[in-house]
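Same order as they appear, the protein sequences are chains A and B.
Note that our numbering has the first sequence beginning at 315, numbered continuously upward.
Note that our numbering has the second sequence beginning at 1456, numbered continuously upward.
These are calculated hints, taken from the structure and not from any lab test.
Check each hint, because a few of them may be wrong.
Distance condition first, Cα-Cα at most 20 angstroms in a straight line; then the derived SDA-like pairs of lysine to any residue [stated by the list, open to error]:
#, chain 1, residue 1, chain 2, residue 2
1, A, K362, B, K1506
2, B, K1506, B, R1486
3, A, K323, B, G1675
4, B, K1663, A, D418
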Amino acid sequence: MAETIQTPKSTTPRVHEVRELTSTTYVLRFDRNGMEFAPGQYVSVGLKGDINMREYSIYSPVEADYLEILVREVDEGYVSRLLRGLRPGDELEVDGPFGFFLIDEKARGRRFLFIATGTGISPFHCLTGSYPDLDYELVHGVRTGEERYEHAWYDRSRVTSCLSRDPDEVARADGAPEHAKVVAGRVTEYLRDHPVDPDTLCYLCGNCDMIYEAFDILKSHGVAPEQLYAEVYF
Amino acid sequence: MRYHLVPLGCQMNQSDSERIRAVLESLGYRRTDVEEEADLLGVVACSVRQKAIDKVYTRIHKWNAWKKERAIVTFVSGCILPADREKFVDRFDLIFTINELPQVPEMMQQFGLVTAASLRAADQAAGRAEAAEYIDAPAVPSPPGAAPTTSPGDRPPSAAAAANGGIVSIPIIPNESRADAKKGYWKIAPNYTSGFEAFVPIQNGCDKFCTFCAVPYTRGREVSRPSDEILAEVRRLVDDGYRSITLLGQNVNSYGLDRQSEREATEIDFPELLRRIGEIGRETGRRFWTYFTSPHPRDMTDAVIDVIAEYPVLARQIHLPIQSGDDKVLIRMNRNYRVSEYRRIVEKIRATIPEASLFTDIIVGFTGETDEQFAGTREAMREFAYNMAYVAMYSPRPGAASARWDDDVTHETKRARLHALSEELQKISLRYNQALIGTELPLLVETTDRKDGYLSGKTEGKLIVRFASTDHELIGRFVTVRIDHVTPLSMEGTLVGVEPDTIDESAQLTERAHGAYRRALAAMLETEVETATAGGHAGQRRV
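Let's have the full structure, built from the sequences with the hints guiding it.
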């Protein structure tokens, strides 16, 4: 099971920008400081000198000379609230990279299904940007249209957004050529109705309830547990 | 000046305590087990369970109350979560991470704690920036039957030096880079508490981020100790006659993964570290058993198992924490393996070193664990046929990721699940132990038994055996015991004789015992297959 991964290190990069995506979600960009990572990994981030740190998947592609993370401000969250208040030039504490949500080099020619809820799309932003030739389908579950978080980044023909609480946006986007596919309902409902080729490698990222449900649905479609990779957000 | 130290939690904390004691004693403090007598009171904290951290709060509350009566100083180290650290700052006089241990004499001076010994140590520290390293031999209790060895450059134990008014310094292990401050505390040679069993830290911290665990937030990142320093410590222990050496780390078999760039040039990985310890056995010819704990299944490569098979000093005992036998629970725990992948490792162990015993750790009642998911764990317990399982009822720990989830399995259910697994374990281990009745097994005698007139020890596979004897000289020695009676988790036998201390002379006895363990495993698995065929749990895979 072991594979070669990058050696984690600690750095104190400076903030480039805080890019607001919604009232609760933003992208934090900062110096890379030479940190090597494999697409799909995460870093631990906090304010410089503050012992409280949280883990975030790397959002930016591996070629970028900066690092980005996608952050949702959590109610009563400590780190996510402080990070949002940062200004360009402020210093951070960043440890990493960590994690095993990786695509093996030998598997890159295969068919992939990426399933995300909310900010769980972050590692897929990195993976699709880092491996432009991937044959993938991305199914992203969110409540409203605004939570599709920079969907223009992805190949439109490969993305399906499942909107659970935004019927107006579903109606507006229906058939509109500038939009990726948008459907009403939850990600798991979509998966249930759209059987997957059992040979597909399935990557799941988001809340645990979704992952559990999707895990069972995909198994019922004949996908072996060893082909299911999961990253739980909490 | 006396100190009292309270180590809580795991073997790593015990090992860290040995180094803390070495520092305090080098400063002239004497150990006392009576806390009321101590001038300096410390605790090595554990954050794995709330109960352990509650003990820290209880102690410091009591100690601070004593301050009204007399002058005492308190300190805390060990595994401390950020939230607790903030509270401890107000309650304890000194707080330091184990990585900061080399700076403790300076911290104590800054706090106003000055002893003649600490002043000399400070003078030396000031003068040694450009000077040669101080190299003190660790303060080693005399192991029974061991001829002490002295190598050129060794100094007497620091505590003895302090008592004689001679040179005092923090005892330092030689041959090690001073470049990385995080590795500084490993320089400190510990005051081993046992004369025959030693714990050697090789790695600290964790990068795995299991959701039930707070260690990544209390111990920080995985840092591997330089291999030349580990090998020097092991060699010294072997020369001093130690017979049980346990390599310690939060992810012990991730050793070296944090130093991959260095590894290409000078550093080694975990299988190679084991190989070099195996070679110490070959070189010295001395008989000892090397263990390691706790490993992560993800890094349990074939190379680790293969190298154990090659060397007699690498003990046939594998601790392989599964935590759950259900894939979805493993996902929620962020364990990064599937049951099928775990199974493949066990198959490799059974095929390569079938004489090895197998231990595990399991958590029952983790957030959201259903009856069906628990049934998977129960099935795993049967399938993997453990000799020992450390089963814990889940309790959320503030700071761990899972603390943000509901602890939604009732205490009664957790207790019932723990009980069910204990029953399974006892059935399985009893079959194994029964197959050993009548065999003669090597044992490392550890202590007196609770039963009057008996001593107790462990086999190479860490199975507990007691035998009738009042000869305390046998403690710390290898003996042969013939097994007469067994229970699920222990055995009783008759002393046959004392075994040789060299690999060559004990080779036949070892091979005979390995044969017995292999037959016991086969008997245990055979019984399991018969049970399954009879309708017990047909269809499960055998390993």
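Verification of the supplied hints:
Note on K362 (chain A) and K1506 (chain B): the hinted pairing is violated, with a Cα-Cα distance of about 31 angstroms set against a maximum of 20 angstroms. Note on K1506 (chain B) and R1486 (chain B): the hinted pairing is violated, with a Cα-Cα distance of about 26 angstroms set against a maximum of 20 angstroms. At roughly 11 angstroms between alpha-carbon atoms, K323 (chain A) and G1675 (chain B) fall within 20 angstroms of each other, so this suggested pair holds. Distance check on the hinted pair: K1663 (chain B) and D418 (chain A) sit about 19 angstroms apart at the alpha-carbon level, within 20 angstroms; holds.
Violated hints, in rising order: 1, 2; the structure is consistent with all others.
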